[in-house]
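**Student:** Residues per chain are reported as follows:
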Amino acid sequence: MKNKRPIFDALLISAIFLIAGAAFLCLKFSGRAGDRVEIRVGGELFATLPLGEDRVIDVNGLCVVKIENGSARVQSAVCKNQICVHHRPISRQNETIVCLPGGVTVKVAGSGGVDLISG
Amino acid sequence: MTKTRKIAILGLLTALCFGLSYIEFLLPLSRLGVPGIKPGLANLCVMAALYKFGLKEAAGINLIRIILSWMFFGSFTGLLYSLAGGALSLFAMAVLKKTGLFSTVGVSAAAGAAHNVGQLAVAAAITDASALWYYLPVLLSAGAVFGAVNGVILGVILERTGSKTKK
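Protein sequences appear in the order of chains E and L. If you count by my numbering, then the first sequence holds residues 939 to 1057, one letter each, in order. If you count by my numbering, then the second sequence holds residues 30 to 196, one letter each, in order.
For reference, chain E alone in the conformation it holds in the complex:
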């Protein structure tokens, strides 16, 4: 290996981290408290629920979503790896829990404010 020019490697990797950081900041500052959750199955809207009311809802037997104290989380799911169950509760706009095996997404939405991400 003769083409050792570490400066370019460093630049490249820094660039990747910069993009990641920029994306993170964009998402961070576009997030404000949401007031409802949208549950989708395979892209189709399954239910829209207010974050203010505590309740537990079963999503087609794929997973169980629990809304409590103004945030939502996946209480249980039938999938193998349980990533969505381990996800922290969400409460800010556009925060999302995804259960990929079942194609379920749980997304916080809110009224007001521009939706920067899907916009």
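Just so you know, the hints here were simulated from the structure itself, not pulled from any lab data. Don't take every hint at face value.
As the list claims (entries may be wrong) - Label pairs and their in silico Cβ distance ranges: (1) E/994 - L/128: 51 to 59 Å; (2) L/154 - E/1047: 17 to 25 Å; (3) L/154 - E/953: 23 to 31 Å; (4) E/973 - L/190: 56 to 64 Å; (5) E/988 - L/56: 36 to 44 Å; (6) L/129 - E/996: 51 to 59 Å.
Stated by the list, open to error - If you want the footprint, here are the derived chain L segments under chain E, 3+ residues with CB under 8 Å: (7) 125-133; (8) 136-142; (9) 166-176.
Computed from a predicted structure; not experimentally measured. Just so you know, even glycine gets a beta-carbon here, dropped at the ideal spot from N, CA and C.
Fit chain L to the known structure of chain E by using the hints.
**Tutor:** Relative to the frame of chain E, chain L by itself:
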């Protein structure tokens, strides 16, 4: 290098690649809370093929590995993710290597990041498009970190195995 020798080495690399895929499959890294985080060890073989032989051979090994992994321990959506990630990372590697500016570390780091972007794009297409970009920052960083580590390993491998690499 004779044709027979090349075929034998490519076969070995493919087998090794599949073995590494299996090891990755066993590692419960996704328990960390973010889906799709993995060290990308299998990419070592693909990159070795890219450096020792060329793009065509690397693409072949990658494709065979993806199909084998899918048949043995994957799902159909898993196949789509792997194909998108594999294609994008191979593209990134080939282009960056061609520039001649980067060592294996840079090439591999970009490959890792590109792989994750490809997978995320498929995930976004399958589920709610706007939602998944929340994973982008962490997946980009993780891809770059693991990729860079792999790049260091590959650098050592290429050095030790000695024979000239293809320009």
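**Student:** Each of the hints needs a verdict: does it hold here or not?
**Tutor:** Hint check results:
For the pair residue 994 of chain E and residue 128 of chain L, the beta carbons lie near 54 Å from each other, so the given range of 51 to 59 Å is met. Between residue 154 of chain L and residue 1047 of chain E the beta carbon distance is about 21 Å. The supplied range of 17 to 25 Å therefore holds. At roughly 26 Å, the beta carbons of residue 154 of chain L and residue 953 of chain E sit within the given window of 23 to 31 Å. Hint check: residue 973 of chain E to residue 190 of chain L, Cβ distance near 60 Å, so the stated range 56 to 64 Å holds.
At roughly 40 Å, the beta-carbon separation of residue 988 of chain E and residue 56 of chain L lies within the given 36 to 44 Å, and the hint holds. Checking the proposed 51 to 59 Å range against residue 129 of chain L and residue 996 of chain E shows it holds: the Cβ atoms sit about 57 Å from each other. Check on the region 125-133 of chain L: 6 of its residues sit with their Cβ under 8 Å from a Cβ of chain E, so the three-residue criterion for coverage holds. Coverage of a stretch by a chain is defined here by at least three residues with a beta carbon nearer than 8 Å to that chain's beta carbons; for the region 136-142 of chain L and chain E the count is 3, and the condition holds.
For the region 166-176 of chain L, the stated coverage by chain E is satisfied: 6 residues place a CB nearer than 8 Å to a CB of that chain, which reaches the threshold of 3.
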